[in-house]
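Put together the whole structure using the sequences plus the hints.
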Amino acid sequence: MSANDLNGQRILLIDGHAMAFRAFFALPADRFTDGRGQSTNAVYGFTRMIFTVVASERPSHVVVAFDLPGGTFRDRIYDQYKGGREVTPPQFHGQIGLIQQVLDALGITWLTVPDYEADDIIATLATRARAEGGEALVVTSDRDAIQLVGEGVTLLQPVKGVTEMRRMDAAAVLEKYQVPPERYSDLAALVGESADNLPGVPGVGPKTAAKWITAYGDLDGVLDHAEEIGGKAGAALRENIEAVRRNRLMNAAVLDLDLPADASGFALGRGDREKALAVFDELAFGDTTRRDLPEILLADGGAEAEPAAEAEPDLPLDTGEDLRALLAAAPFELALETADDVRAGALLGLAAAGRRGALVLEQLDEEASAALGEVLTAAERIHVADLPSAREWMQAQGYALGEQAHDLSLEAFVLRPGSRSYDAESLGSTLLGHVAEPRPRKPTAASLAKEAPEVRAEHVERARARVAAAAAMLLPVAAELSAQLGDAPWARRLLDTLEVPLQATLETLHERGIAIDQGTLAQLREEFDGFVAQARREAGALVGEEVNLSSPKQLQVVLFETLALPKTRKIASGYTTDAESLVDLQLSLPVESPGHEFLSWLLRFREMSKLTGYLVGLDAAVDASSRVHTTFQQTAAATGRLASTDPNLQNIPVRTAEGRRIREVFAAGEGFESLLTADYSQIEMRIMAHLSEDEGLIEAFRSGEDLHRFVASRVFDVAPDDVDSAMRSKTKAVSYGLAYGLSAFGLSRQLRISQAEATALRDGYFERFGGVRDYLRSSVERARETGYTETILGRRRYLPDLTSDNRQRRENAERVALNSPIQGSAADIIKLAMLAVEKDMREAGLSSRMLLQVHDELVIEVAPGELEQVRGIVVEGMDGAYELSVPLEVGVGVGRTWLDAAH
DNA sequence: GGGACCACGTA
DNA sequence: CGTACGTGGTCCCA
1 MSANDLNGQR ILLIDGHAMA FRAFFALPAD RFTDGRGQST NAVYGFTRMI FTVVASERPS
61 HVVVAFDLPG GTFRDRIYDQ YKGGREVTPP QFHGQIGLIQ QVLDALGITW LTVPDYEADD
121 IIATLATRAR AEGGEALVVT SDRDAIQLVG EGVTLLQPVK GVTEMRRMDA AAVLEKYQVP
181 PERYSDLAAL VGESADNLPG VPGVGPKTAA KWITAYGDLD GVLDHAEEIG GKAGAALREN
241 IEAVRRNRLM NAAVLDLDLP ADASGFALGR GDREKALAVF DELAFGDTTR RDLPEILLAD
301 GGAEAEPAAE AEPDLPLDTG EDLRALLAAA PFELALETAD DVRAGALLGL AAAGRRGALV
361 LEQLDEEASA ALGEVLTAAE RIHVADLPSA REWMQAQGYA LGEQAHDLSL EAFVLRPGSR
421 SYDAESLGST LLGHVAEPRP RKPTAASLAK EAPEVRAEHV ERARARVAAA AAMLLPVAAE
481 LSAQLGDAPW ARRLLDTLEV PLQATLETLH ERGIAIDQGT LAQLREEFDG FVAQARREAG
541 ALVGEEVNLS SPKQLQVVLF ETLALPKTRK IASGYTTDAE SLVDLQLSLP VESPGHEFLS
601 WLLRFREMSK LTGYLVGLDA AVDASSRVHT TFQQTAAATG RLASTDPNLQ NIPVRTAEGR
661 RIREVFAAGE GFESLLTADY SQIEMRIMAH LSEDEGLIEA FRSGEDLHRF VASRVFDVAP
721 DDVDSAMRSK TKAVSYGLAY GLSAFGLSRQ LRISQAEATA LRDGYFERFG GVRDYLRSSV
781 ERARETGYTE TILGRRRYLP DLTSDNRQRR ENAERVALNS PIQGSAADII KLAMLAVEKD
841 MREAGLSSRM LLQVHDELVI EVAPGELEQV RGIVVEGMDG AYELSVPLEV GVGVGRTWLD
901 AAH
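The numbering used here numbers the first residue of the first sequence as 1 and each following residue consecutively.
Subject to a maximum C-alpha distance of 25 Å in a straight line, what follows is the list of computed SDA-like cross-link-like pairs (lysine to any residue): (1) Lys732 x Val854; (2) Lys839 x Glu876; (3) Lys610 x Val543; (4) Lys160 x Pro294; (5) Lys207 x Arg246; (6) Lys82 x Pro206; (7) Lys442 x Arg462; (8) Lys732 x Asp763.
Source of the hints: derived by calculation from the structure; they are not laboratory data.
In structure tokens:
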């Protein structure tokens, strides 16, 4: 774009403040934050608006105009100008600066002019565009811009949110206001503009004003003939002539600001992709934003992002020949990244010794495939982001990952748990500050089918480049992690003694799976389906109208409008329909009233469809040998706990009798005679006793008395035998509540007692168990000083929010700090137990095997004749896992199914 | 198809 | 205004 005027060009002129405000109110401020407490809703909405308008209007130039703080010449003319506006919401603060950062990264010019408003900048540039034979598109919600509309100037007014615009050309203005655009300011002067605190003539609206202007030509004509205008409106006009003249003076845009004369400074296509993606990252914008970044804005004009400036570009690693060349370079460290591409299928990204590339595994010939096998064997070390899934993936492709394979996510997790993900992209971003290309959208089957071969090939090439780049990035990631571990012996130890060996065990658990009794599953499913259908039918009959009981939104209409029941607790989308509230609501209604009945069936529907969901999920997950193979995620929970996915077997119902029946479906498999479950009794409270060294609590565990009864007898100062069930359950709630950072408010809500009573209960507890109070206090204080909490094995959790100025964030971090050492130490202990049990069973040469872990419970599949030996190993492994100052007690149950194995 | 929200199961 | 998770449904957007 060499031209420095706007002849034949199309310039987009955006009112920065007006649109930022619009975005702010269109999107919820508390749902868009950068993770550090800064709201980004206006920034996000503004960015989306830019993307949408740029993509749909294809301008050649863009300018965003901002107001400056501190007023303009208009305030000197009229000191009430824009008075009476609400104060800027605190969450809006800082967002203009962030928008300007986004604009800088996108290469979009933004302007301010001291003493003038954004409107004036826009008016000047629109006028210039028109004069130079160009076209201006003005984007603003400010009506003052209507006066600019005409030949070559079109207004885009947001109608809904910030991305939906209405085009206002001269005809549209005339149609809407009954005056041409150049007379609009005359009309506005008569009508007034409340947003600017410019009152007009009372009783005169747009209709009357338009009629007068049409009759007398323009505002001067109207004022000249003010005496002739009859009626109340005429009198009002005569009384307000000064205000009208003032309004007209105020709303006239300035058309001749001194702005840069060279329009090439406003041209599009100067954006920096890397910088923009980095800014989006900072703002915690998602993939959608990264993906939708319009190429037209960027300096590289849609070309692939340049590879990082390296002295020597990597050699290729894409063919059998390349693989052979790599072998010659031995010894070498290899990095590996896998992907399933919609077009190419299994893609393997590899990087080593100054080479990088990607293989389409289905296209490898025998020769290349053999070379790959050799490379995998020859590598000294193989760095992978997620070893268990990579190993399984490679296995499915016919390749083995051996002992040299090395998991990077585990290291990153131990060093800093709590990240959302530890995939290659995230590791690169957190450890190297690398900004990844956004992933392309998944194409639909239809678009895939009609894709031209060359287009398809191009997509495959991009996918290969992505996976190769990811693999290449893992090498410096591995180096960085290794360096960090060198400075963190506590993390090294935790990895070597616990997490790395455990990873192998977890892979084994995944392979084993657990047997499903499909007959029982089918039977139960049929039974539960019947209950669901019945509940749906009965509930439907009571309200008459079609209602989806699974839709909280539709339920709100039925409950609070159709049935006009009392409102429940407020939530973002209206009023909650959660079970707790519905039960409360039901208690307030007469038995057998329609509302009461409906709620009964609704709750029944919820309960049974939840249970059915488990059965459906299990059914979908069973393999050909009737087993389900959950995956234990080792880096999912910041406390160090495991998580179970696909399917989640750590949340199988147990609380209600009907729910428990789902456990009948899990059974000892063929060749085994029973399931054995072993769980720690009150492990978290034991850890609390250990960590707090509270003498009373330690005594409670050593006495052998029921814990909650013992504690209650102290708290209520009665003999253990005189502890009633209410005392016991209240004490129990306090005990567990303390480990979660429960407040007196929360306690009172949970126990449905007054806040005063809750406070008294907690105080009484602390009086008898002062060590617990001291421990809880000091552990938070210590975490605030060091920045992290620690478990018994030295596992850290960093909590920067402990020193936040934001009360909500700080108090939340304090609760996390209270809980993490307790929950995390329990996780450490059962992990140690898992290693011991797995090792001891193997060494004893048993066929019995560990299958599941449910936080404080292990599930073992017992082979015929091995029960007593297994029981011994499991109990010994669990209670000997770690020595606390109180004993670890283990309960054991045995049965054909998981239900029968309860104890 | 992706993401947000709601609801709810477990320790 | 009690910690830690994962899943499935609906709804809205693209």
